[in-house]
Every structure is written in C-alpha cells, then in structure tokens.
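Those sequence lines, one after another, are chains F and U. Using our numbering, read the first sequence as starting at 135 and increasing by one per residue. Using our numbering, read the second sequence as starting at 135 and increasing by one per residue.
If you're looking for bench data, these hints aren't it; they were derived computationally from the structure. A few of these clues could be false.
You can't tell identical chains apart in this list, so a pair holds if it fits in one copy or across any two.
Unchecked claim - Straight-line alpha carbon distances no greater than 25 Å define the calculated DSS-like cross-link-like pairs of lysine-lysine that follow:
#1 K270 / K334
#2 K334 / K208
#3 K292 / K334
#4 K208 / K195
#5 K270 / K188
#6 K334 / K288
There are 2 protein chains.
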Amino acid sequence: MQLTDRQNNIIAIVKNNEPISSQNIAKELGLSRTAIRSDLSLLTMLELLDAKPKVGYYLKKGKKLTNIDDLLEKPVSEFMSSPVSVEENQSIYDTTIKLFMEDVGTVFVTDTEEELTGIISRKDLLKMSIGHGNLKKTPVSLAMTRMPNIISVKKNEKFIDVLEKIVDNEIDSLPVIDNKKIVGRVSKTILLQTIMNIAKKF
Amino acid sequence: MQLTDRQNNIIAIVKNNEPISSQNIAKELGLSRTAIRSDLSLLTMLELLDAKPKVGYYLKKGKKLTNIDDLLEKPVSEFMSSPVSVEENQSIYDTTIKLFMEDVGTVFVTDTEEELTGIISRKDLLKMSIGHGNLKKTPVSLAMTRMPNIISVKKNEKFIDVLEKIVDNEIDSLPVIDNKKIVGRVSKTILLQTIMNIAKKF
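Next up, chain F with everything else stripped away, as it sits in the complex (with noise of 0.2 Å):
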C-alpha cells in the first residue's frame, strides 16, 4: 500500500503543528473535515498518527511503515549491475585475478560466440587453489558449473523471484540472460543493498 498525496499532506500538516485538531488540518488542506475523516482514520489504524481528546492529533513516534511490495515486483532490468566474464580457455589463475580486480563474487564463462556456458565462484575456486594442480595452466572451463547446470534469470523477471532463486538454490549471484547473451549480473549484496535503500526512507 502507498499513501496518498493527501494523507502524505497530512502528515506533514500534523509534523508541523502538531497537536492540531481535525478541523484545522481540514482547513489547511481547504477541504471539509468530512472530506479527510476516512484518510485520519485510515493514518491512526496504521499508526502514523494518534489523537487525545480535546487535544487533537500528533505524530505517533518512532511508528513506520516499510512495504516492500513495491520492490517485490521490480522488474531484474531495474536493479541488475553489470557482469563479469572471461572466455572459457582463459586460466584459473586468470579467472581468479579477474575476480579479485572486479571485485565481485562470481565470473560468468562464455565461448567465442559470447554466449554463457559457465559459472565459476570464488568457492569453486579455492576449491581448485588449494588442490595441486597449476592453476596457470588449468582453464576455467574444467571447474566451472556448465551449461544446462545454470541458473539464471532473465530481465522482465521479479525481485522476488530472484530473491527466491538466490535463497533456495544457495548461490551468490545470477546471470541476467537476453537471447543466451548476459546482459547482467544479479547478487545477494546487490539484493541487500535495494532492501536497505528503502528500509532507510524512513
């Protein structure tokens, strides 16, 4: 649920005198108190706002109200950030490099056409670092997950359903795919970070 201009209105009357009567909140909006009777009563059930007898309304301190709705539904194209990649004959020593440089958490592995044919995180190579082989000479495309082992998202898909697939299939972060090309990268930090935006609008 959003507020309405009006009920926003309101509430910033109300931060300003507070304590105000109905009848002059109705006044400052030039509205009859009939007109906002159901908008108080709507703010005081979600309590944003309190009223005293004979006193009139006041903020309710320290009450919010964060819905998330609205995220849930946000299309990966609103929030995706870019990918990282590397061809599939690159090394592990490359790739690991590469990881480090970006900076994120997992490489995307495509052949020469561009197109996605692998996944390697930084689990699955310390897995190979701490192994003996040359990490020089071992191309990714021998630790990565392949192809159809992927699980990726595609850009008109939801917030949730990220937050679902990221959740249930115990992985840092996701490919965005248009057309077998990556488009995108979705992680649990980028995730995060959209969920505390709007946590902290308050």
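Keeping the supplied structure of chain F fixed, place chain U upon it in accordance with the hints.
Leaving out everything else, chain U in the frame of chain F:
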C-alpha cells in the same frame, strides 16, 4: 503495522465466502456490524478487501501488504545461526577444509581462551591460495583480519543494524559477540532467507 486477530479473521471469512455482506461477516464473528465497521474500512483502504454495492466484500486479488517493520526491529538473537571457528595456530589449509565442511563463507578465529581475535573469509583464503606459500604450514593468523578491525554485532542489536553493517562494509558474515566470546553468526544469506520468509507469507 500488524493486522489484528479480528482483521485476519475477517480476511479468512471473506476468502471462504466471497462475496459476503458486512452483516454476514459480523454474524460469523458473533459481533455487530458497527463493531467491525472500522476493521472493514481499514482492510478496504489497505486494498486487501474490496466491496461492490449490493454484492458484498471480496478479496482483492494480487494485492498484499508486505510490511517489514517488525523484521527490521528484531534483535540479532532471534535470527543468528551457529558460529564456525578455528584457533589461531590452525593452518590456512585446515581452515579452508573447515570452511568447506561447515559450508560457511567466513570462519572466526579465536585464541586459546576462546576469545575472538580474527576473521578469515573465502576471499582471504583464495588470495592466500593463489600465492606460493605452503598452505599447510602457514597459520591462519597470518592472513586473517585482526581485532580491532573486526566489525561485530551484539545479541540485542536489530536486523536493520546488521543489514547496514553488512552492506556498508561489504562483508558477507558478522560475528555476534557477547562478553568477548563468539555466540553467533549472521550472514547475507541469513538476512535474505529471513526477508524471503516474510515476503512469501502472503
């Protein structure tokens, strides 16, 4: 805002009987129509219910209200999980094995008194592993982030505080500290799981 028991009951009654008149909803609850008038108007304004004249109340499909204020206020003790730790003299190699065995992204490091002295992440371990040292002979204390450069939380801090610390400092996992001892762990995954559980409730 949390719906009251009565408001939740009203939603359940409407769900099973829609369309249903306010009179019949009141009858089901053993209450008068006047008693539930304000609940019905709140539920309608929240767009959880809708009403058609001469037809009755029905559920507004596809609308929901995912309010995360209660979650944001929850203390760490209610959502933290078990910490995974090693002692300072353990090798990088053994620490990496422990990280894989316990399937965590971060291992906490303690002295012989079990007090927290450091933290080592998958990223730190990977950085060491692509170097040329002897991982079985290098102690974890050489690669860990040391106190006092460790960000931690207390049991009574809130979800929103943890979210902020994790996002602002770009870390995956925080120790929960009580009297210098590690009593828990909170991670990006735990935060996202908790949010998903709330988002999927509706």
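A quick look at each hint next to the structure:
For a Cα distance limit of 25 Å, the shortest separation of K270 from K334 qualifies neither inside one copy, at 45 Å, nor across copies, at 45 Å. For the homomeric pair K334 and K208, the shortest alpha-carbon distances inside one copy (18 Å) and between copies (16 Å) are both at most 25 Å. Taking identical chains as interchangeable, the C-alpha atoms of K292 and K334 lie at most 25 Å apart whether they share a chain (22 Å) or sit on different chains (13 Å). For the homomeric pair K208 and K195, the shortest alpha-carbon distance between copies (18 Å) is at most 25 Å, but the shortest distance inside one copy (30 Å) is not.
Within a single copy, K270 and K188 get their C-alpha atoms no closer than 79 Å, and across copies no closer than 76 Å, so neither meets the 25 Å cut-off. In this assembly of identical chains, the alpha carbons of K334 and K288 lie at most 25 Å apart only when taken from different copies (21 Å versus 28 Å within one copy).
This entry does not satisfy hints 1, 5, going by the numbered hints stated previously.
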